[in-house]
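So the sequence shown is numbered by our numbering: it starts at 7 and just counts up by one.
Hints were generated in silico from the structure; no laboratory data involved. Since this is a predicted model, take the numbers as computed values, not measurements. Where is the CB? At the ideal position from N, CA and C, for every residue including glycine.
Keeping only pairs whose Cα atoms sit at most 25 angstroms apart, straight-line, the calculated SDA-like set for lysine to any residue is: (1) Lys85 to Leu167; (2) Lys85 to Ser151; (3) Lys85 to Gly235; (4) Lys117 to Arg95; (5) Lys94 to Trp281; (6) Lys117 to His228; (7) Lys94 to Asn223; (8) Lys117 to Ile147; (9) Lys94 to Gly283; (10) Lys85 to Arg165; (11) Lys117 to Val148; (12) Lys85 to Ile121; (13) Lys94 to Arg165; (14) Lys279 to Gln93.
Distance ranges between label pairs, derived from CB positions: (15) Thr18 to Arg233: 35 to 45 angstroms; (16) Asn11 to Arg118: 17 to 27 angstroms; (17) Ala224 to Phe97: 17 to 27 angstroms; (18) Leu255 to Leu12: 49 to 59 angstroms.
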Amino acid sequence: MIEPNLEIYHGTTWANRVFTGFIATRPAFFTASLAPVCIGLAFTWQQQIFRPLLALLTLLAILCIHAGANVLNDYYDAKNGTDSINQKRIFPFSGGSRFIQNAILSPYETKRLGISLLAFGLMLGLMTVSLTSPILLIFGIVGASLAIFYSMPPCLACRGLGDIVIALCFGILPVTGTVWIQLGTIPPAAGWLGASIGFFAASILWINSIPDIDADNASGKHTLPARLGQERARYGLPILFILGFLCILIAPLPHNCLLALLGFIPASIASIKLWQGQLIPAIPLTLITHSVVGISLILGCLL
Numbered sequence: 007m008i009e010p011n012l013e014i015y016h017g018t019t020w021a022n023r024v025f026t027g028f029i030a031t032r033p034a035f036f037t038a039s040l041a042p043v044c045i046g047l048a049f050t051w052q053q054q055i056f057r058p059l060l061a062l063l064t065l066l067a068i069l070c071i072h073a074g075a076n077v078l079n080d081y082y083d084a085k086n087g088t089d090s091i092n093q094k095r096i097f098p099f100s101g102g103s104r105f106i107q108n109a110i111l112s113p114y115e116t117k118r119l120g121i122s123l124l125a126f127g128l129m130l131g132l133m134t135v136s137l138t139s140p141i142l143l144i145f146g147i148v149g150a151s152l153a154i155f156y157s158m159p160p161c162l163a164c165r166g167l168g169d170i171v172i173a174l175c176f177g178i179l180p181v182t183g184t185v186w187i188q189l190g191t192i193p194p195a196a197g198w199l200g201a202s203i204g205f206f207a208a209s210i211l212w213i214n215s216i217p218d219i220d221a222d223n224a225s226g227k228h229t230l231p232a233r234l235g236q237e238r239a240r241y242g243l244p245i246l247f248i249l250g251f252l253c254i255l256i257a258p259l260p261h262n263c264l265l266a267l268l269g270f271i272p273a274s275i276a277s278i279k280l281w282q283g284q285l286i287p288a289i290p291l292t293l294i295t296h297s298v299v300g301i302s303l304i305l306g307c308l309l
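Put together the whole structure using the sequences plus the hints.
Right, dumping it as structure tokens:
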């Protein structure tokens, strides 16, 4: 796929700038935040409770926070130099959005966009709190802090904690938070659903980090795959897949949720291809695995 360039994003009209800003958020990866919220909503629907306004606010809030975190990650990766020196990137999966490196957005514009999106997401979160309970602030503070400090100093991703952050922010927190917003309580099954989709979300970050290992090490961004190295990092992907499927198998979930085991097919192929050193198609297959599992869990709760 062609990287973004000034020939494509050259307009200066308001509409062009909005479009440029939107693409800079890397919307192709929004499924990572949409899936856990929709899983939580499907779970509460099964409990015969659905509050549409709160559902909409929840979706918009997490999308804005996700988008803002993506943009700020690009800013800080440009600042520490990892994206600039990354010669093994596989666009659009690794190496950032390239909007700063290709002079489409300045670092200042990128940082401003990221902060604005985070602020808007937090505002939507506060609106949700006002309609529910201050207890929701716990979810918001933890989730927002992890999203912000994933890239900002102390840079949790740089300390090998990025995969844990992703599993929490795109798994347990949004699923259980959504369920609590709708039900006012969190049944154990919701936690298992969150843990499962969280492991599959972490698998996306894991495999996308593998092409970046050399650049990350050179710039001081010591992600867990970078610490392990190319050879040992290959073990991480199947381990995350297995943990995700185990959560589905041992959790007290509706039997229809076993549909998610269909994801074992692309997961197995992705693991084999990664072991053979074929990042393409291993990376797309990992994304497909996350989508298959997410959609299956949603349908499993609804049917």
